[in-house]
Amino acid sequence: MVTKISVNSTKKDEFINITRDVQIAVTESNVKHGICYIHIPHTTAAVTVNEGADPDVVTDILTALNKLSPQLREFRHMEGNSDAHVKSSLVGISTSVFIENGTLLLGTWQAIYFCEFDGPRNRSVQIKIIEE
Amino acid sequence: MVTKISVNSTKKDEFINITRDVQIAVTESNVKHGICYIHIPHTTAAVTVNEGADPDVVTDILTALNKLSPQLREFRHMEGNSDAHVKSSLVGISTSVFIENGTLLLGTWQAIYFCEFDGPRNRSVQIKIIEE
Amino acid sequence: MVTKISVNSTKKDEFINITRDVQIAVTESNVKHGICYIHIPHTTAAVTVNEGADPDVVTDILTALNKLSPQLREFRHMEGNSDAHVKSSLVGISTSVFIENGTLLLGTWQAIYFCEFDGPRNRSVQIKIIEE
Numbered sequence: 001m002v003t004k005i006s007v008n009s010t011k012k013d014e015f016i017n018i019t020r021d022v023q024i025a026v027t028e029s030n031v032k033h034g035i036c037y038i039h040i041p042h043t044t045a046a047v048t049v050n051e052g053a054d055p056d057v058v059t060d061i062l063t064a065l066n067k068l069s070p071q072l073r074e075f076r077h078m079e080g081n082s083d084a085h086v087k088s089s090l091v092g093i094s095t096s097v098f099i100e101n102g103t104l105l106l107g108t109w110q111a112i113y114f115c116e117f118d119g120p121r122n123r124s125v126q127i128k129i130i131e132e
Numbered sequence: 001m002v003t004k005i006s007v008n009s010t011k012k013d014e015f016i017n018i019t020r021d022v023q024i025a026v027t028e029s030n031v032k033h034g035i036c037y038i039h040i041p042h043t044t045a046a047v048t049v050n051e052g053a054d055p056d057v058v059t060d061i062l063t064a065l066n067k068l069s070p071q072l073r074e075f076r077h078m079e080g081n082s083d084a085h086v087k088s089s090l091v092g093i094s095t096s097v098f099i100e101n102g103t104l105l106l107g108t109w110q111a112i113y114f115c116e117f118d119g120p121r122n123r124s125v126q127i128k129i130i131e132e
Numbered sequence: 001m002v003t004k005i006s007v008n009s010t011k012k013d014e015f016i017n018i019t020r021d022v023q024i025a026v027t028e029s030n031v032k033h034g035i036c037y038i039h040i041p042h043t044t045a046a047v048t049v050n051e052g053a054d055p056d057v058v059t060d061i062l063t064a065l066n067k068l069s070p071q072l073r074e075f076r077h078m079e080g081n082s083d084a085h086v087k088s089s090l091v092g093i094s095t096s097v098f099i100e101n102g103t104l105l106l107g108t109w110q111a112i113y114f115c116e117f118d119g120p121r122n123r124s125v126q127i128k129i130i131e132e
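Residue numbers (our numbering), protein chains in the order written: chain C, 1 to 132; chain D, 1 to 132; chain Z, 1 to 132.
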């Protein structure tokens with residue numbers, strides 16, 4: 001079974017904390033021990049796990065990604081969003097988190113982020129939960 | 001069980017669309033619902049999921065990766081391919097895609113790419129399919 | 001079940017080969033065929049699979065990552081380690097390796113590395129092994 005989460009981004013580049021939504025999917029699955037897989041069905045977005053406490057951290061990551069993957073003059077793709085495709089492949093469109101006692105086993109500072117690189121858009125996150 | 005796909009790259013840097021080969025492995029496994037894992041057993045290659053429609057997108061990603069990870073004067077590894085090892089760790093050597101009704105659950109624009117960073121070479125892709 | 005490995009880094013940036021520790025966890029699990037998942041519960045560290053033969057390769061990867069993700073003047077996070085958070089999201093905090101006949105199915109040159117980007121610290125690696 002695949003659960004879908006809707007995410008609406010409001011900026012071109014934005015990290016949206018989806019930890020709570022993913023935990024709801026885990027809770028509703030009734031799986032106590034296993035793995036939660038997160039897949040992004042888009043090519044100008046990504047998913048990452050990083051600090052959830054200080055919002056400046058993800059702002060800084062976005063700043064760094066924009067320096068790392070600027071809009072290059074050499075780009076040939078006509079839509080003008082190749083920088084976003086590059087960021088998607090660098091950060092990655094899938095991850096997985098362990099489930100223990102019905103809870104996502106994240107580190108103290110970890111949160112799960114949907115990464116928008118070509119917003120604003122209505123996006124989707126796919127989740128699959130496998131029992132151990 | 002592990003299924004192997006052979007990939008022959010023809011350039012130093014090249015993205016090769018392997019979606020069809022991975023789907024054949026899924027179809028032959030007879031698994032209707034589950035997860036398809038893709039592992040690259042090489043250290044100067046990678047696997048990514050990105051746009052499959054316009055071939056300019058992967059050309060642009062390769063252009064960006066070459067700017068991002070140039071051959072640096074400080075590199076010490078004697079084989080002269082450290083830039084390729086860097087790209088491999090940035091893009092990553094493993095991913096997974098959900099299977100629904102015997103089909104890879106990819107987004108409309110998504111395709112699976114073998115990423116060659118030190119070709120041309122004969123390469124191998126390992127696939128494992130787990131039933132839900 | 002989740003197995004934990006302790007890793008003690010001794011530098012700010014360091015790749016520590018944990019292949020042997022992960023293989024011990026696989027052996028002790030008695031799982032012959034399946035998947036070994038590796039999760040890093042930290043936000044300034046990562047996990048990667050890359051060359052284990054020549055130690056110059058990981059030195060070169062660290063050199064490249066430091067150029068790629070420098071400490072930027074624009075960074076706002078007060079702890080001063082945003083460069084490490086960026087590297088964590090670029091390299092990624094989770095990976096998985098296939099298990100065949102009780103052994104990690106790595107390529108000839110592949111090793112599993114814990115990636116420290118904000119050491120020295122006492123760190124933890126989480127492992128989950130799923131039978132096929």
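One thing to keep in mind: the hints can contain errors.
Per the computed footprint, the stretches of chain C lying under chain D, defined by three or more beta-carbons under 8 Å from a beta-carbon of chain D, are [what the hints assert, rightly or not]:
1. 12-20
2. 31-42
3. 64-77
Since the hints were derived computationally from the structure, they do not count as laboratory data.
Where a beta carbon is used, it is the ideal one built from N, C-alpha and C, also for glycine.
Each hint tested on the structure:
Under the rule that three or more residues need a Cβ within less than 8 Å of chain D, the assignment of the stretch 12-20 of chain C is violated, with 0 such residues. Counting residues of the stretch 31-42 of chain C whose CB falls under 8 Å from any CB of chain D gives 5; the rule of at least 3 is met. With 7 residues carrying a beta carbon less than 8 Å from a beta carbon of chain D, the stretch 64-77 of chain C meets the three-residue requirement, and the given coverage holds.
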